[in-house]
Amino acid sequence: MGLFSLIKNLVTYKGPPMGNQFELLEDASEKGDPAQISKDKGNPPQTPQSEMGKNNGKDDTHNSPESKESRGKKVPLRVDEWNMERKQDSAAPDIANSREGGSISDNLEQNRLRIMRELNIPTNVDAMIRDLRIGKSTKAFIAYIEGMVDRTTINDFILRPLMTVKHFNSPLEECSANYILENILSIDDVTKASDYTQIISQILEGLTALFIEGSDSCLLIESRGFEKRSVDQPVTESVISGPHEAFIEDLQTNLSLVRKIIKNKNLITEILPIGKTNNSRCGIMYIGGIVNTSIVDEVKRRIQSIDIDFILGDGMLSQLIEDHPLALFPQILRTERPDRTASFLVEGKVIIICDGTPHASIVPVTFFHMMQTSEDSFLRWQFGTFLRLIRFMGMGLAMLLPGFYLALTLFHHEMIPTELILAIEKSRENVPFPAILEILLMEFSFELIREAGIRVPDVIGQTLGIIGALILGQSAVAANLVSPILVIIVAITGLGSFSMPNHDLAIAIRIIKFVFIALGAAIGFYGIAMGIFVIGGFACNMKSFGVPYFSPVAPRTRINLDVIFKGPLWKQTLRPDPSNTLNRTRSGDVVREWIDTGEGGEQE
Amino acid sequence: MIKEGKFGVQEAVWLVVFAISTKVFYTSPARVVDLVGNTGWYMTLISMSVAILGFTFIYLLLKRFPGQDIASIFADTLGGPLGFVFSAILALYLLLLATNTISEFAEVIKVYVFPLTPSSLIIGIFVVGVLIMCILGLETQARFAKLSAYTILFGFILILALGIENYDVNRLFPILGYGADKVLRHGLIRSSAYGEIIILAVIAPSLQGTAFVKKAGYTGLILSGFFISISALAFALSFPYYTAQEITAPMYEMAELINYGRFIQRVEPIFLFIWFFSSFTSISILFYCFISTYCRIFKIRDIRPIALGAAIILFTSSLFQIDLGVGAAQRIQNIRQYGWIPPFILPFIALVVGVLRKRGVKSHE
Amino acid sequence: MNKPLTLIIMTLAITFLLTGCYDAHEIDDITHVLAIGIDRGVSDKWRLSLQFSTMKGESGGSEEEGNGGGSQGDYTYMTVDAPSFFAGVDMLNSSIPRELFFSHTELVAVSEDLAREGLMGEFISPLTRYTQIRGSTRLMVIKGSAQDFIKENEPYIGTTLSKAMETSAKESMNIGYFGHTTLSDFYNDLKSTYRQPIISIGAVNEFKNFKEDGPKWDGGFEDEGKYLAGELPRYGQKKIEYWGTALFNGKKMIAELNGSDTRALLMVRGDFQRGFFTMQDPKVPDLIIPLDIRPDGAPEVKMGFQDDVPNIDLTVPLKGDILAIQSTLHYEEDPLLSLLERTFERKIKDEIDKLINRCKGMGIDVFQFGDISARYFATIPEWEEYNWNNKFKDAKVTTQVKLVIKRAGTRTKSSPIPNRREGE
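Residue numbers (my numbering), protein chains in the order written: chain R, 825 to 1428; chain C, 121 to 485; chain U, 281 to 704.
For reference, chain R alone in the conformation it holds in the complex (with noise of 0.2 angstroms):
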């Protein structure tokens, strides 16, 4: 039955089409603009002389009705309140988060009972909940996350401001929420509320809850003092020049480390929650002004619109918010570098940044993006350029080595030169296997190295790379397992895939190393070149966030020279074409005024 079905799957036609997938179109003003048809045919591009005329807006007129308004946002499930019902009469205590609603009375001791209630007081530990009297007369209590708040901050500026009785003269009247919310506590962020809902999620983020005799309203008194990693190195995105900052576990920290290096009134922080049940934030952040506003739209609406119970940070929500979740490519580019945010951010991205990993998530970005290190900027052109070569050539050789290896060696002899595969032909005189199976047996090994070479504690890690691999391909070839050449082609095909500035497109390269092994092995150059065509062709369908995947080159837009050559700083004057920024400018006609040309401008 599966066969058949799978069968019937592969002949039959089912629609409807994608035809309602998020594009990013160009403006109206652009598509008729008579100076971008000479400018497609290679003329400089022309930097638009103000920004007036690119601000009007968004103009779908091409797309299709349908597709805007199946873009409207999708309510979200009531599953919480469904979970409750559900669960209303087991008497096991409620561990989803139950959003009950609802205002807080102005009985403490009906507030109490609702908060242990909450917060599964007798059986969770953690919760604490700690009674007091106000100046001696009202009663009140505290109620906080054990290992979420700082003691210090409860113990010297809550608890002993509230329990000194000289602070309240007539404490009948004077024990409000308000007289202590102005008068008692020295603590920048208190807020008065007063719905459960936000209280419990504010006391599960590590808020103190000051709860009042009489008081219609709690006091949520900013206390968290979780333990956080202080800011480090970046670990896998290290750089020779450039900052040495990376990102840490702490949401609030993250951003104020981009922040500090966009200091601009219009750089926009906007809070998202994520995850049903563990109750995580992620932070979206853009430049008003640059990003083009269709896509922090679309950004927030695919955000919002996730239904999951438990989201840990960014790798699983870029898994849920991406294009095309079925393609080997990533389209969202990950980054733990505060710099690297921030100059994407100026390009016109949005950022999406998980509490709890020490990630930024891009979008929209495009393959060349992920082939770009910090370092490229702030080295010197020439160096940038040929960093990115070798990359680029890294990546070729991670791709495609050992499938043109083998299809060199059984159908192409003629282009090995005669020494050479003579050579070849005596070094795998003893050896037993084909060609294919030989290769496999390489890549997996090396593979299995690299694998094993995480999972083992550090010490041993570093070394075990480097022996394994040396004294595994030493002996393999010793005992006529593989011929010497091979070693090399699986050496220089894992250092390929090393230099490799974005780990997800590493592995994904790493993957297609394989497709092109068959391939080279079923039918030689004439395989290959398929596998490049129908990967090139998916690569090529690919959008992120509405961006082509392989734009500016296809499809050509108006681009700086930055994309596989990187020019000289000072030509950068635009911003990239395929976000479609706002803005499209990002400096004068002439970067470099200090240069006297005294002929307008030393572009061109």
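Check the hints yourself; a few may be wrong.
Stated by the list, open to error - In the SDA-like style, the derived pairs of lysine to any residue whose C-alpha atoms are separated by at most 25 angstroms in a straight line are:
#	chain 1	residue 1	chain 2	residue 2
1	U	Lys496	U	Asp561
2	U	Lys491	U	Leu463
3	U	Lys471	C	Glu285
4	R	Lys832	U	Met290
5	U	Lys450	U	Lys518
6	C	Lys478	C	Ile417
7	C	Lys302	U	Glu664
8	R	Lys1087	R	Glu1073
9	U	Lys676	U	Tyr656
10	U	Lys443	C	Pro389
11	U	Lys582	C	Tyr287
12	R	Lys1052	R	Gln1026
13	U	Lys450	C	Ala281
14	U	Lys450	C	Tyr380
15	U	Lys450	C	Leu377
16	U	Lys336	R	Ile1312
17	C	Lys230	U	Leu380
18	U	Lys450	C	Arg382
19	U	Lys443	C	Gly283
Unchecked claim - Just some of the chain C residues that point at chain U, by a computed CB distance under 7 angstroms:
#	residue
20	Gln188
21	Phe293
22	Pro294
23	Asn379
Note that these hints are calculated values from the structure, not bench results. Using N, Cα and C, we set each Cβ at its ideal position, and we do this for glycine too.
Since the structure of chain R is already known, use the hints to place chains C and U on it.
Structure of chains C and U alone, referenced to chain R:
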């Protein structure tokens, strides 16, 4: 109707260039030498000029019906039944082009690279790739064409440049080949080599305006003419006319002769990549245009339902061509002689009828 | 919509793995033929000798060998008499345990008697049609038997035969005593309406011309290019040598050129790259002046037609350095310098004229004059009508050689050696 997406002039130009000039990798250049001697390099320019003239009619026709494709224009100008016949001929022509190119490709590749591999496998792989590309859509094809254009162009120029040591200017003489009359006559007939320009009329709605069609068409034709001409020139410089006409795939043998020192020789497998990519792109777009026209004739709203069926037709017809035996390439060349009628004459008739019946938008002048 | 696509790709992958590999040849299942020798056979029409590696040298993995591997036994050859090239290959494959491949073949050696019988055309056409044999493969005529040549074809320096063959082919650029002809060159020339083919000659030198004992030399100066292939008075190790050129009339070899004539031929064709020439001192005929000669641009050929008879005006520009002046006369500067230049020009011109006349006598244009003359015809039918190969023997050729001595080497002058004995 059919979701085809939009793309720019550059993408369209490369699609046209690939569709047209892939032929130089197959048997065409040798056949041309057989007909007109060593003058192929300027004969093709004559053909190109004729094709440019032909395209002008296509362009004028498209200009009268902005935003429409050729099938609906035929229906509009000639009326339902006649328009149907015209579009059907066009669709058949496109299928024939694709079929011929695939069988020529398979024939040549079998001769030079995979003598033992069955042609069904070679064609099968090819058709599967083309099918996937067609399902992915026109926009994707255009983008891929643009993306691969850089590499192909680089490799193409490299092959021509490395061949310089084998070039001999004297081989261009006698300059008129087998006679000026023959050059002219075959130049006119061989404008069929540029017949693939008709794809622009099929994909016209995807281009943003008729001005883009005009630009893409003329640029594409001139670029293709240039590429075909310089490869024919390189070929004429590398082989004297009497051996040139014997060779199956001249460009491949040119690559074979490259020999610089002990390392830069036997590089023709690299050349294969250029060959493969341009063939893939070329067939994909031709095949896509076939499906697209077919869908428009029968008012099918999506190409994907019929893509698989059409691919099977493509596969069997190509295989059929090959299985006819030795000389399939020759036969294809003979068929090619009449290839100029559908792409240039049909739109011309439609244009004349359209003008007479006063259909479409009047030109501004 | 991605699901069917993924399935298609998977099916495709399975198809590949099940049905692919038709043309795959594991690299250790085949053996690459490095040189092909062809003689006239005894038991059958052709005698085919194939040379290939025995793969006995150092296999990279094992560490047992200490002598750097690669003894002279690394290469071997097999010979068979067969009715055709392909039949011979299949016959040999019945005893050779690996499939023979020709894509790395460097050399096709044809024996002289085969060439003189006019069997070249018959033999060359299957080779050019066969995809594995490349047009850029080197073609040679072997004096004596090609089988012997293949037998002696060993890398005496280094261990790889292919490298040895390639580098010795490259030597033609340094000395000019033999040319470099490829299969495709020969094939093009064979069918040509412009010219006649040439092939460079190789031979096995049995060292017979090397006389260990005998009266010492006291004759006058003789040109070193006078030798024919296989006759160089040398001794030691490698027996094969490349020397001279075979001239063809169509598919039939009709003449053999010695070293000097080969140089003259290459100069006219524009293929001459460099060579040391020895000339007699114009003032002191007993002594010699060696020169290092290189072309100073391509030879110029001007054409004219008088009553259908071609008038050819040939200029060969050369440049050179002085390598030695035995007479210590002041040849570095002008009166003597131009004397030197003129003398050398005359010497070369004589050689070229002699060669051209000889070829005219045989009615073959091996100088590529026909290529130039084709410019004077508008169409191919006219050109073929004219029949250049017949007209060439009546052509009037005027030759001019221009030599410029550029440098005098590390000495700008040489002072005479004082004759001590007279002074005492």
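Exercise. Any of the earlier hints contradicted here, and which numbers?
Worked result: 2, 20
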